[in-house]
Amino acid sequence: MIYLLLAGVLFVIGLHGLFVARHLLRKILSLNVLSAAVFLLLVALAREADPLDAVPHAIVLTGIVVSVSATAVALVLLVRLSRPREDQRKLMDEEGG
Amino acid sequence: MGWLVLVFDGLLAAALIWLAWQATHTPGLFRSVISFIIFGLLMALAWVRLDAPDIALAEAAIGAGATGALLLSALGRLVATHEEGAPWQERRDLYFWIPAGGALLGLLTLAAWMLPSPGLGEQVQDALPESGVQNPVTAVLLNFRALDTLLEIGVLLLAAIAIWSLGRMPLPSAPAVRSPALPALGRLLFPMFVLVSAYLLWRGSHAPGGAFPAGAVMGAGGILTILAGAQPWLTGSVHGPWRMLLSLGFAAMLALALGVMALGQPFFAYPPGLAGLIVLALELAAGLSIAMSLVALYLAGQPPDHWEGEARGE
Amino acid sequence: MTEVFAVLVLLLLLNIVVGLARVLRGPSAADRMLASEMFSTSAVAILLLLAFILDSPPLLDVALVLALLAALAVVTFVGRAWSDLQSRQSESARGMESRESD
Amino acid sequence: MSQANTLMAVLVGVPLVGAIIAFVYPRLAVSITAVCAGVMVAAAAGLTRLVLSSGVLRQDVGGWAAPLGIGWQVDGLSAGLLLLTAAVGAAGAAHRAFEALEQPFFWPLWLFLWGALNVLFLSADLFNLYVALEVLSLAAVALIAMAGGGALPAAWRYLLASMLGSTVYLLGVALLYGRYGALDIALIADALETDLPSALAAALITLGLLLKAAVFPLHFWLPSAHGRAPAAVSAALSAVVVAAAWYLLVRLWFAPFGAFQGNGVGVLFGLLGAAAMVWGGLLALVQHRLKMLIAYSTVSQFGFGLLLLPLAGGVGAELAWRGAVVIVLSHGLAKASLFLAVGGIARSQGHDRLDAVGGFGSGGVLPWLALVLAAASLLGVPPTGGFAGKWWLLQGALAEGAWLWVLAILLGTLFTAAYLSRLLAVLLRPAQRGPQTGRPSPLTALPGFVLALMACGLGLALPALERLLSSALVAGGLP
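Chains as they are written, first to last, in the working numbering: chain A, 1 to 97; chain B, 1 to 314; chain C, 1 to 102; chain D, 1 to 479.
Keep in mind that the hints are not guaranteed to be accurate.
[Stated by the list, open to error] Just some of the chain B residues that point at chain C, by a computed CB distance under 7 Å:
id, residue
1, Met-114
2, Pro-118
3, Ala-220
4, Ile-226
[To be verified] Partial selection, computed: residues in chain B whose CB lies under 10 Å from chain C:
id, residue
5, Trp-18
6, Ile-34
7, Asp-51
8, Ala-60
9, Trp-113
10, Gly-121
11, Gln-125
12, Leu-128
13, Ala-181
14, Leu-185
15, Gly-186
16, Arg-187
17, Leu-224
18, Ala-228
[To be verified] According to the in silico footprint, chain B covers these stretches of chain A (three or more CB under 8 Å from chain B):
id, segment
19, 10-17
20, 26-37
21, 43-57
22, 60-69
23, 72-79
Simulated from the structure, these hints should not be mistaken for lab results.
The C-beta atom is built at its ideal place from N, Cα and C for all residues, glycine as well.
Given these sequences and hints, build the entire structure.
Right, dumping it as structure tokens:
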């Protein structure tokens, strides 16, 4: 089945990207590709089952929400990392005003 | 027809692989982000091909909508959007990665190929009448494995708290260059978003849909109204309603899980006959909280206690 | 009839694949954004056709959600990345003194 | 509805309810955390008593039995770790409350962390564990990042490592589900066959957990994260969060993946453990900051726990098992106590540089007493908990004639002595008065001191521990 292979290829691409990418944003994207590969595998397996198995679908839905949350936290952390000085200035402005 | 399906799958897979590579390995951050958004879009098609319309809905709402908005706004907030040179350091590492990646790929595919995947389809079908809903995915999410969903909603709330704990919003949320079209678009589209999310919520009990896509659509609508400059009630202060709305879904699920114990049921065991009603109520609360959490994630920090009038582009 | 639809689906998918070149070549951010908008329109069309071919009404909902949310990415883009780029460009046009004082 | 069900529901529900209240009404945060802490200590103790009296407990969440629903399972091991979590959670919260810092978001995050840990020790479902691990990591990351400045890159590395760890873990779970159509640990254990998908799944799940547990050589993110976080957070991370990953490893390698034991897998774990002891010990020897020294000591001490796996199959299995669990428990108590004590000292001195910090009595006597007691337990001075654990583990290794592991245990202890002596050398210096502004309330030292007493007192509770960890009270039994 073509989708099993697709999941494997995406997993390897994501893994490689995570390890070699220089920019941190790209590491986040790589992690998302990685989890998409795992979700793909789960759903492709669910399709093989007879009758169609709803449990992996539910699992993937939960996984998607979890990965969006982690991505959001990672992005905010990244923004804070990239502009610490500006952040502090903004904070000082706020406290002053 | 058979070859058409094969060509479709092949094209889709090739495009997905290419996009994943673009997103993770080519220079230009903006291009990467756009590639990733399109990747999400095509993933929705892949889910449809794999008979998973529920996930396709979520992916359409998240991949194309929320994650895209999150990534683009983070990109706008990063100081150095331009990135010099190659996106990765050494090409020498390919001597390691090609054999290692190939071996991993081979192992994974071989293992996946060998799997019998017995699945739980039959058990889900058998228990479906007792679950109170007709859509098996909703039944698994909000009844059989409701503890997972409780924690999932918890993760969303936690992410919002985590982001607030990191500090105030890094930039005012209104665009730097004002466009008169944005507020109009926001006002025009917002009712549509509300309508569609209500529809998805109602569909959830008997067809693909439910709290998550509904919440995601609603959250997207919220982000749109913020971009259009109408958000005065979304304050980070303790007195505003936002904190309560953020925790509503999680609180409702927890209250229910613990509350049934007062009726002599075990943790999270819905009283017979009430399951359908309970699932619907939970979906409503969870949907609202999901929407609120997505907006909170988008704002990337604790919003001010009072919004200033000028920040809203009026 | 479904045969015709299936071929159409394939053509639309091909359309996306070919359009990916625009994302690759740019040259400007707006080109890429517009190309990605074209994709979501194509994806909506594919979903609608698939809904008829597979006789699966839920796909109509997916198309609906996709159509609605595709707007969000564009609006975010215009509201944030684009305007930031513009303000940065005008800032750098004004001179480098302000940056050095930072 | 049974008593066990109520207690488990309390352990999961109460911290999460507390987190919501602490978030929505920040003014109530400290008092609600205090209430939650009291309730959870009582519930963990109650559950342990129940395990002692009626054996392994199993409950179906939501009334749906295993393949479809999620199961909760408590045995001697999970009861012990629940107790450890309750002790460290309560002490850390008390320390934080006495510090009286203005960070209202600390409390909901702390309670989330606590709740996730409780779910982790209760759940017997692989996917439920995944979600709990995610809650745990996100809460931990936010708590680390709260220190600001240099803690942000540490938090970032931690987040990335743990996201990768959980994705790899989930891939393993997906393979297992595709193979057996179940997510429950006990069901998979019954069905497990030694074929390629199961072996790959075992490898992936283990790799993911090793990344989360920061085992050598995947420890790169741990010291900077644990060394830079606020004191209470470092205490919880180093004592319990690392122990949680260890717990899952042991749980999985004893029951479902036990079938793969004996193919040299145990030796691999043992070598990893030994390498962790040496490498972590060496790095602890060259650190310039107190907190970093203690953080590297966690990498090193974790190695003792891993030695359980090569010893699990032989005649000394029961002794080694008891020893390893007691080491993990007493390490948790001692390490949390060390971090709390050093946190207090660092606050009073304004820094925690080893070469400049004042000697015994600077910033109060109590933190120094805690430091000495905790170090004694970590080192394994009789009659502390650390001594009992190392003694049993050594006995187990000797009974099996596993000289390599005997050597590793002795070497690890030697390294512990070496880096702790750097810590204790500070004691002999004259006391210094720190800057007046940073003086914490003398009460802040109390929770750490109580934990240190508990670490030492563990050595006196050996009969009870022996009963709790006897093979009859281990789910799935000892292999």
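Consistency of the hints with the structure:
| no. | hint | in the structure |
| --- | --- | --- |
| 1 | Met-114 | 29 Å, violated |
| 2 | Pro-118 | 25 Å, violated |
| 3 | Ala-220 | 5 Å, holds |
| 4 | Ile-226 | 9 Å, violated |
| 5 | Trp-18 | 7 Å, holds |
| 6 | Ile-34 | 5 Å, holds |
| 7 | Asp-51 | 9 Å, holds |
| 8 | Ala-60 | 4 Å, holds |
| 9 | Trp-113 | 26 Å, violated |
| 10 | Gly-121 | 18 Å, violated |
| 11 | Gln-125 | 18 Å, violated |
| 12 | Leu-128 | 17 Å, violated |
| 13 | Ala-181 | 9 Å, holds |
| 14 | Leu-185 | 7 Å, holds |
| 15 | Gly-186 | 8 Å, holds |
| 16 | Arg-187 | 13 Å, violated |
| 17 | Leu-224 | 6 Å, holds |
| 18 | Ala-228 | 8 Å, holds |
| 19 | 10-17 | holds (count 8) |
| 20 | 26-37 | holds (count 6) |
| 21 | 43-57 | holds (count 15) |
| 22 | 60-69 | holds (count 8) |
| 23 | 72-79 | holds (count 7) |
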